[in-house]
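There are 2 protein chains.
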Amino acid sequence: MPNSNLNQPDQSAQASAVKPGHIALTLDEVHQLAYRVLTHHGLSAEHAQAIARVITAGERDECHSHGMYRVLSCTRTLQHGAVARDAIPVVSDRGPGVVAVDAQFGFSQLAFEVGSKVLLEKVRKTGIAALAINNCYHFSALWPEIEALVEHGVAALAMTPSHAWVAPAGGSRPVFGTNPIAFGWPRAGAQPYVFDFATSAVARGEIELYRRSGRTLPKGWGVDAKGSPSIDAATVLDQGAMLTFGGYKGSALSTMIELLAGPLIGDMTSAESLRIDDGAGASPRHGEIVIALDPRFFSAGNFIEDRQRAEKLFESITGQGARLPSQRRFAARSRSLANGYVQIPEALLRDVQQLLG
Amino acid sequence: MPNSNLNQPDQSAQASAVKPGHIALTLDEVHQLAYRVLTHHGLSAEHAQAIARVITAGERDECHSHGMYRVLSCTRTLQHGAVARDAIPVVSDRGPGVVAVDAQFGFSQLAFEVGSKVLLEKVRKTGIAALAINNCYHFSALWPEIEALVEHGVAALAMTPSHAWVAPAGGSRPVFGTNPIAFGWPRAGAQPYVFDFATSAVARGEIELYRRSGRTLPKGWGVDAKGSPSIDAATVLDQGAMLTFGGYKGSALSTMIELLAGPLIGDMTSAESLRIDDGAGASPRHGEIVIALDPRFFSAGNFIEDRQRAEKLFESITGQGARLPSQRRFAARSRSLANGYVQIPEALLRDVQQLLG
Numbered sequence: 001m002p003n004s005n006l007n008q009p010d011q012s013a014q015a016s017a018v019k020p021g022h023i024a025l026t027l028d029e030v031h032q033l034a035y036r037v038l039t040h041h042g043l044s045a046e047h048a049q050a051i052a053r054v055i056t057a058g059e060r061d062e063c064h065s066h067g068m069y070r071v072l073s074c075t076r077t078l079q080h081g082a083v084a085r086d087a088i089p090v091v092s093d094r095g096p097g098v099v100a101v102d103a104q105f106g107f108s109q110l111a112f113e114v115g116s117k118v119l120l121e122k123v124r125k126t127g128i129a130a131l132a133i134n135n136c137y138h139f140s141a142l143w144p145e146i147e148a149l150v151e152h153g154v155a156a157l158a159m160t161p162s163h164a165w166v167a168p169a170g171g172s173r174p175v176f177g178t179n180p181i182a183f184g185w186p187r188a189g190a191q192p193y194v195f196d197f198a199t200s201a202v203a204r205g206e207i208e209l210y211r212r213s214g215r216t217l218p219k220g221w222g223v224d225a226k227g228s229p230s231i232d233a234a235t236v237l238d239q240g241a242m243l244t245f246g247g248y249k250g251s252a253l254s255t256m257i258e259l260l261a262g263p264l265i266g267d268m269t270s271a272e273s274l275r276i277d278d279g280a281g282a283s284p285r286h287g288e289i290v291i292a293l294d295p296r297f298f299s300a301g302n303f304i305e306d307r308q309r310a311e312k313l314f315e316s317i318t319g320q321g322a323r324l325p326s327q328r329r330f331a332a333r334s335r336s337l338a339n340g341y342v343q344i345p346e347a348l349l350r351d352v353q354q355l356l357g
Numbered sequence: 001m002p003n004s005n006l007n008q009p010d011q012s013a014q015a016s017a018v019k020p021g022h023i024a025l026t027l028d029e030v031h032q033l034a035y036r037v038l039t040h041h042g043l044s045a046e047h048a049q050a051i052a053r054v055i056t057a058g059e060r061d062e063c064h065s066h067g068m069y070r071v072l073s074c075t076r077t078l079q080h081g082a083v084a085r086d087a088i089p090v091v092s093d094r095g096p097g098v099v100a101v102d103a104q105f106g107f108s109q110l111a112f113e114v115g116s117k118v119l120l121e122k123v124r125k126t127g128i129a130a131l132a133i134n135n136c137y138h139f140s141a142l143w144p145e146i147e148a149l150v151e152h153g154v155a156a157l158a159m160t161p162s163h164a165w166v167a168p169a170g171g172s173r174p175v176f177g178t179n180p181i182a183f184g185w186p187r188a189g190a191q192p193y194v195f196d197f198a199t200s201a202v203a204r205g206e207i208e209l210y211r212r213s214g215r216t217l218p219k220g221w222g223v224d225a226k227g228s229p230s231i232d233a234a235t236v237l238d239q240g241a242m243l244t245f246g247g248y249k250g251s252a253l254s255t256m257i258e259l260l261a262g263p264l265i266g267d268m269t270s271a272e273s274l275r276i277d278d279g280a281g282a283s284p285r286h287g288e289i290v291i292a293l294d295p296r297f298f299s300a301g302n303f304i305e306d307r308q309r310a311e312k313l314f315e316s317i318t319g320q321g322a323r324l325p326s327q328r329r330f331a332a333r334s335r336s337l338a339n340g341y342v343q344i345p346e347a348l349l350r351d352v353q354q355l356l357g
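Those protein sequences? They're chains A and B, same order as listed.
Just so we're aligned: 230 in the working numbering is position 230 of the first sequence, and the numbers increase by one with no gaps anywhere.
Just so we're aligned: 97 in the working numbering is position 97 of the second sequence, and the numbers increase by one with no gaps anywhere.
This is chain A alone, in the form it adopts within the complex:
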């Protein structure tokens, strides 16, 4: 049985299953701990609930960098002070297919929860609709949002800028953020098809790890101040720039993300977002665009056959031993739900609990 007391973990019953240096927590315990820390630092109950939900989902899916670890950075953003701790998102109807939510400089999750309800109402009437989230602090992965929409039977696409760290193809100076793009497709009787990736070659944190350990970078991750390929982490981070994945094609996609999730929706580009942060290292503040498509409007009366077409596509991928994008994450989810607990590194848990002091 997992621990029922956070402060005095009792691992005896499951000692064999829990990795050394880790503590088992139920998903409820993860949620409660995240919630307690965030409210302790002044975040409103509604925001803390919404954030604790995505942090718990991250731990459940063993996406550790988006799990309990994020309580630390989220608290840092709260301490930094610019984020509105009790912001109430303001919905504005912009047209039959467009809803915008002004997050009022709060975290993005609550704004998404409020806005996605209206997005779903709209897409049920129009067939395609878009949600713009403005003025939010954003730190989470996009897949929790994609999954929240896809479980209502729609396909969904989401994009955000971040902080300008990534040079365009052929350039040397940062323009783009790590600019994630995520997409989901509903499947009957199976986990949805979901991808969520940064359009940078790798995460910035990955390059930080190379710097700390003094290793040289793989080629294609970054350039120096002159735009020449660099395998030195410090050069890439401090003088040059990161690169996008996929050369000029990735660079073009990243530009599209800047435009659709920035100027289109009246919000900041990654360069503007980095300037606003002004070295504080808080969660980036910017906008987000989410597009939903209702397959029932697009299918010419053969909805079931069309769904089967998609299933054949997935089978032709998995049937040859290739993986679908979220396969590992869904396997972790099954494992966590079957076990009834997740495993948090002791040191991380200590750091998080200290934030309650």
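Quick list of in silico lysine-lysine cross-link-like pairs, DSSO-like style, CA-CA up to 30 angstroms:
no., chain 1, residue 1, chain 2, residue 2
1, A, Lys312, B, Lys226
2, A, Lys125, B, Lys117
3, B, Lys226, A, Lys219
Source of the hints: derived by calculation from the structure; they are not laboratory data.
Chain B: place on chain A using the hints.
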């Protein structure tokens, strides 16, 4: 002065400007020649006009593989017989944000011309709208369609599957087509921001050229039948598969394109399209999805400022010596329009003119 008589070209006045082995034709002459050949092979006047327009645009922009050269493959598709030569596209209104056009097994261009008018009407009312084109033969680039929409002040995104030649990341057998994705953003007083690229690492024709010349392929273009990297063009084309750009990220994007321009709109995946072709080598038959977004619905009352934000983004790319995706094409366009003519290889012109015999 460019030639005014196709059959007896007079190059005297511009001999110095025309490359050896090339013939100068005005854009009107390109259009007329394409139109004559296509109607000569039984294509209806409406279809021939629509196709001649995109072929002329291809030559004008020096995208030679989408210019006069396509008259050859288009005629081959007409001779193959499956394409409906006088198909009349049928528009169906699927909802406030969705219009579908059944191309009735004709070429895609006329269906796009018909459908894009409705798409624009819809997006003006809803803020975001989608056009699905079904049952069309498709051979052209997507940028002419993107530009046709963007000149009305909307942002646009288009995707199509093709023929299954490309393996998923981690696989060995073809599942995806070269699956192009194209995007456009309107700019006041400047050519629009437009990209249009295949999600395969390279075009299949490029690998064919390597086979013909006996050169080894660069790494990352293809795999052998076991999924191991291959630099042998014949192995990749005949036994293994091509690869997407950008590894698993490109593979995920290509999957999204299959889903949105295939099963979502009730049309074929690249694998189904290749099966239908059954070795004929005609233009692929499949569907297409086009999404348009009207910035006026998304902007929170600061439309001009938001546009300027996008311009700053472009400046930060070009200002450091990096190129915007269509920059070369737009330079070619200016050149062609200033010259008043384009240059067609004599051998190609001969091949095309022979199709009139």
